[in-house]
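Undergrad: Listed below are the residues making up each chain.
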Amino acid sequence: MTSNTPPISVEKSRLVPTRWDLLALLLVFELIVFLADTSRALMQPLAELQAAPISLDPAYLPGYAARTTLRMLAAMALSLLFTFTYATFAAKSRRAELVLIPVLDILQSVPILGFISITIVFFMSLAPGKVLGAEFAAIFAIFTSQAWNMAFSFYQSLRTIPDDLVEASRCFHFPPWMRFWRVEVPFAMPALVWNMMMSMSGGWFFVVASEAISVGDTTITLPGIGSYIAAAIVQRDMAAIIWAIGTMLLVILIYDQLLFRPLVAWADRFRYEQEVGVMPPRSWVLTVLTRSQLVARIVTPLAAAWRWSYRLRPQTIKSNGKPRSNLGARPADSVWLVIVIVLAASALWQVSRFILEGLLITEVTTALGLGAITLVRVVVLIAVASVIWVPIGVWVGLRPRIARLVQPLAQFLAAFPANLLFPVAVSWIVAFHLDPNIWLSPLMVLGTQWYILFNVVAGASAIPSELRYVSTNLGVRGSLWWRRVALPGVFPYYVTGAITASGGSWNASIVAEVASWGDQRLQANGIGAYIAEATADGDFHRVALGISVMSLFVIVLNRSFWRPLYRFAERKYRLS
Amino acid sequence: MNATPLLETHDLRQAFPKPDGDELLVLDGIELSLAEGQIVGLLGRSGSGKSTLLRLIAGLSRPTAGAITYMGRPVTGPAPGIAMVFQSFALFPWLTVLENVQIGLEALGLPEHEIRQRALAAIDLIGLDGFESAYPRELSGGMRQRVGFARALVVHPNILLMDEPFSALDVLTAETLRTDFLDLWCEGRLPIRGVVLVTHNIEEAALMCDRILVFSTNPGRIVSEIKVDLPQPRDRVGPAFQNVVERIYVAMTARPMTARTGTRGERFAGTGIDTVLTRVSSNLLSGLIEAVAGPPYNGRADLPVIASALRMEIDELFPVAETLQMLRFAEVEGGDIRLSEEGKRFAIAPLDERKRLFQRHLLSYVPLATHVRRVLDERASHKAPWSRFLDELEDHMTTESAEQSLRAVISWARYGEAFAYDADGQMFSLENPS
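Chains as they are written, first to last, in our numbering: chain A, 1 to 576; chain B, 577 to 1010.
Just chain A, with the same shape it has in the complex (with noise of 0.2 Å):
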């Protein structure tokens, strides 16, 4: 060996603390302070909270906004834990692939603000009298708004490790938990940081509808800034309204920084294949905390002591990376496949009889009707959003110096709660007399629309520039170069926006078929608005029937006409 060099950049660490160490310490301590500070209310009893009605006072909104926060990532934390579980668990065992798959899938479809009303009386139960109670069936809400699609690409990162990567993880004898951290959450990291951006952003949505919520005579009233737009609405705040939207921006605006960036920024070093001149994305708090010596120093004895757990062989893990076999084991697979379909069979009799035994048969063809409109109502929205925004985008993402400035504010739109604007045009509606079914419908789209926008953006930007000057040089322009070049090129992108507004909408119907503002109520008619009136009467069995009549209408769009396209955009349009 060498020994004038060192082997690696080993700076001889100096013991002055650096002004990067500061920083640290500054943000290391704030978390801390926010954390105790949130946790501390947990333990109260639910009649304290009660007694405490939500204060219009915007000196409480900061407040507020760390409750809501904290349910966030407690949310984020858990669907992590799914992901991790379920999902390796999935690609790990084919028998369980088998049926975890089309259930995460189905999962997925199904409208999860209709969830919460079935489960909060659950997690009531669990811790009675306490607010603890309230929390989990809040943060369960949010749960199922982030975990699905966290564990759908993390399966699918599961199953696409390049074979090589696993046959050397193997060749130099890994154990599986040296594996799982080593090779696999490396490798789907990208994918999933990605998608835990996507569902913190439709989380916000879902906490802040989760946390003022009335399932018969049970009112929930946890302290948030759902709550306090709840609050703002029944005594007609207009001015609350609008410090709970500034102070949204701004919570938005630090979890992104504080966050996401960071985290962006720090996966990208386990992307397999890295794009040439691409620029890897920069956060200035990644920065503080990797100069940081304090951190450093932190770190690297717990890094240790991850590294020493790999050496823990439990020997009853049976897989050990071989890859899974498909054959043999025929017969008891068609044996596990009756056994699912005979539980699969004996759910759906009693769902049904749960349904039909509280309601009438036509209670059934009017929910069917009622989805129907709904799904009129999406479709027209999708296609007037498509017109409006696909434009935009292709303009936009044509030209890379507004695509930097417009790309993250699409994406911090998207982030945003749409329903904390809610009130404001509700507002507008009944200051104008305006007809909610036509006027209430375009809330759907307001947090979803900006989907569209940046995957269009995205897909003009990826147009190789060689089509591009091509296009130029043969005199292409006009409408033929829309209908020959641009429309082709951002088409997959589109699909793929046009996918998650659509499914995002379904969702928001429920919030946004319905609306108060103070004592005036306003129903469009649609199978949102009736899931939500169920809800609010405590209706159980209608519960049931809304939610699954709209699963089906989204499952029966999604298998028959979305996934077709998306196929159809991969195979035909897909630049690569």
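Keep in mind that the hints are not guaranteed to be accurate.
One side of the interface only, derived from the structure: several residues of chain B facing chain A at Cβ under 8 Å [to be verified]:
id, residue
1, VAL651
2, PRO654
3, ALA659
4, ALA666
5, PHE668
6, TRP670
7, GLU682
8, VAL731
Please keep in mind that the hints were generated in silico from the structure rather than gathered at the bench.
Being a predicted model, the structure only gives us computed values, none of them experimental.
For glycine and all other residues, C-beta sits at the position ideal for the given N, C-alpha and C.
Add chain B to chain A, keeping to what the hints say.
TA: For chain B alone, kept in the frame of chain A given last:
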């Protein structure tokens, strides 16, 4: 040389089930032994199962039948003491060079200071000093493969398995790495006792190996064994070396090519659509015909000579030569390629005559093309879907091979204007857009 070999396989066989219940034989009757201090080369074209064999030896998959013994013990899973270097490097992109080298030792659970010491020693040995904190994506291909070597050597394996380790590198880099490796090997500075090298590069095999096992395709069998007694370092322009290369070419062109595409008698037995076709661009086909027809070969060329003149490796050259043989434009035998009369006519013909000639040969000598054309002729609509032929082919081969064969026939049919295919509608037809 030691009496008991490091590694032995006995009557090894690997087969995968086909959709119709039959099995697809990949490796058959493999007898291999690796003695102390030897480099054994597995040479064959893609599809000869040589990489599959390497993975069996590494314990990454299990054979259908037969036995593998490593130092007297049967191999039932990844064995300690067998390390592997991958064609694609298989580095973990999220780990630095040092971490990539250390990871095998971490998995063994060694103490931290020993891990570091041994990793640095391996890095030093393989010439990676100064790159320790770099990420793989920052490195050139050659440097990446050096990391691959360091990672394998650091665990001090008895046997090093190399799966086409230089084929993803450019010629110059490959040569440097090969020489560096051979230098270390000959000086006894590597902690390994034997090497199994998979390659499709004939010169590489002749340069590095003490014994070369030549594989046939479909199924992979060892068709001949060539001992190379030349001392290291080997001089590749010397006659002795050229003689080895020539012997390998002869061994590789000897049996399988004539056996597969066959004599005239075979043509009438059945439809013959069960032959797996390799997609070879019509540009390559006419390119090789022109090259062989032109001076100095004038219709007959030595394969090693023309391969090096055209800078093609056997994996690229053989499918082209074999397709020409199937189309009866050329014959391949004894390490030579010789143009037929039609082949010579093709070489001097203008484009539209070439196409006519190509169409005639395609429809006469490629059973799948004949079949597709007949079906299209018989149908009133002159149309048939892709799935119609895919299903039929899948009775004889895997889905992948079936798709590959169909794509090959489509690309030739397009060149020869024998029939048309619409990718959007996935439909074969007789209409060519005019």
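Undergrad: Hints the structure violates: just list their numbers, smallest first.
TA: 1
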